[in-house]
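Given next are the chains, with one letter for each unit.
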Amino acid sequence: MIPIWIYAGRRLGNELRSKQVPLLALSAAFSFVIMMFNLPMPGGSTGHAVGAAIIGIVLGPWAAVISVTVALVLQALIFGDGGLTAIAANCFNMAVVMPFSAYYVYRIVSGNTIVTSGRRIIAAAIAGYISLTLAAALTGTMFGIQPLLHQTMEGVPIYMPYSLNITVPAMVLEHALGFSILEALVTALIFAYIQKTDATLLYGEISARERIKMGRAGTV
Amino acid sequence: MKRKRETKEQEVMKSMDKTTRNLVIGLIALIILAPLGLLAVGETFGEWGNEELEEKIGYVPEGLEELSSLWSAPLPDYALPGMGESMTAASIAYIISAIIGVVIGGGLLYLLGKRIARD
Chain C
1 MIPIWIYAGR
11 RLGNELRSKQ
21 VPLLALSAAF
31 SFVIMMFNLP
41 MPGGSTGHAV
51 GAAIIGIVLG
61 PWAAVISVTV
71 ALVLQALIFG
81 DGGLTAIAAN
91 CFNMAVVMPF
101 SAYYVYRIVS
111 GNTIVTSGRR
121 IIAAAIAGYI
131 SLTLAAALTG
141 TMFGIQPLLH
151 QTMEGVPIYM
161 PYSLNITVPA
171 MVLEHALGFS
181 ILEALVTALI
191 FAYIQKTDAT
201 LLYGEISARE
211 RIKMGRAGTV
Chain B
221 MKRKRETKEQ
231 EVMKSMDKTT
241 RNLVIGLIAL
251 IILAPLGLLA
261 VGETFGEWGN
271 EELEEKIGYV
281 PEGLEELSSL
291 WSAPLPDYAL
301 PGMGESMTAA
311 SIAYIISAII
321 GVVIGGGLLY
331 LLGKRIARD
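In the order they appear, the protein sequences are chains C and B.
Take 1 as the starting number for the first sequence in the working numbering and just add one per residue.
Take 221 as the starting number for the second sequence in the working numbering and just add one per residue.
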């Protein structure tokens with residue numbers, strides 16, 4: 001994970017516009033809080049949305065790597081949630097795979113529609129749904145290979161007691177039927193709001209102010 | 221012409237502030253509603269504590285037992301020390317936890333963003 005963080009930091013330095021700085025700060029805060037909304041699932045388990053999809057779409061996937069990482073690290077360090085030894089795995093799934101898959105799904109579904117198009121709201125929802133389900137599937141896979149990698153001589157798992165045939169379906173089903181739907185709703189809602197009020201905040205969109213600046217530079 | 225350009229700039233600035241401000245309001249609402257997340261009983265898949273695991277599978281995997289002493293979080297499970305176990309206390313602690321996370325996380329990225337932003 002360390003090279004990814006370093007590279008993400010560099011990309012963020014190149015891409016981040018100063019008007020997006022408050023949004024960047026807000027995004028880490030939002031991801032932290034949305035992960036506190038535990039949803040119950042039948043069978044006594046709980047889980048949550050992550051918020052990484054909307055961050056990847058609005059601020060770009062590299063910015064999302066940094067901001068979701070900050071949220072996850074704070075969770076582990078201060079509140080003992082998620083875990084310190086799992087931080088790299090958690091960050092890979094929720095702060096890398098998730099925003100990137102969300103961003104590309106959003107781009108593909110959006111096609112060449114204009115930025116204010118309604119189709120982009122649907123694209124954002126689908127991106128939220130697929131990206132969290134994918135991250136959950138990966139997490140389930142990581143859980144499941146644990147007992148294969150680490151067991152005592154007698155074959156007793158040292159860390160994760162459940163194997164792939166339990167962990168993957170558990171993680172995927174819980175998310176596909178629950179948490180991913182919430183992620184899709186949250187992603188679409190916030191996207192629609194930003195799209196309606198100030199679409200120039202979106203990643204890859206040039207603001208009117210910058211266009212004026214560029215125009216000015218061009219005429220001089 | 222120049223004046224018109226400036227008012228357009230100001231307009232954009234204003235609408236940007238408004239969008240961000242409303243998102244902040246939305247976040248504050250989320251923080252206040254955060255204790256709803258406490259209603260869900262049970263633990264996230266794979267995030268069981270040692271006691272829960274013992275109940276589930278009859279033993280605590282030895283590697284987990286060793287690792288669990290590696291780090292002790294100052295505010296484990298979003299609870300404040302010495303605040304009792306009532307739902308009200310837990311809710312207040314949960315909201316305070318959310319504020320701590322928001323202030324540290326948001327503050328950190330605000331300072332970082334200010335330093336590295338392009339313009």
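One thing to keep in mind: the hints can contain errors.
Unchecked claim - A few chain B residues that face chain C, going by a derived Cβ cut-off under 7 Å, partial list only:
| id | residue |
| --- | --- |
| 1 | 243 |
| 2 | 268 |
| 3 | 269 |
| 4 | 300 |
| 5 | 301 |
| 6 | 302 |
| 7 | 337 |
What the hints assert, rightly or not - List of simulated lysine-lysine pairs, DSSO-like, C-alpha gap at most 27 Å:
| id | chain 1 | residue 1 | chain 2 | residue 2 |
| --- | --- | --- | --- | --- |
| 8 | B | 334 | B | 238 |
| 9 | C | 19 | B | 276 |
| 10 | B | 238 | C | 196 |
| 11 | C | 196 | C | 19 |
| 12 | C | 19 | B | 334 |
Everything labelled a hint here was simulated from the structure, so no lab data went into it.
Remember, it's a predicted structure, so these values are computed and weren't measured experimentally.
No residue lacks a Cβ here, since even glycine has one placed at the ideal position from N, Cα and C.
Worksheet item: Which of the numbered hints are not met once you compare them with the structure shown?
Response: Structure breaks hints 2, 3, 4, 5, 6 and 9.
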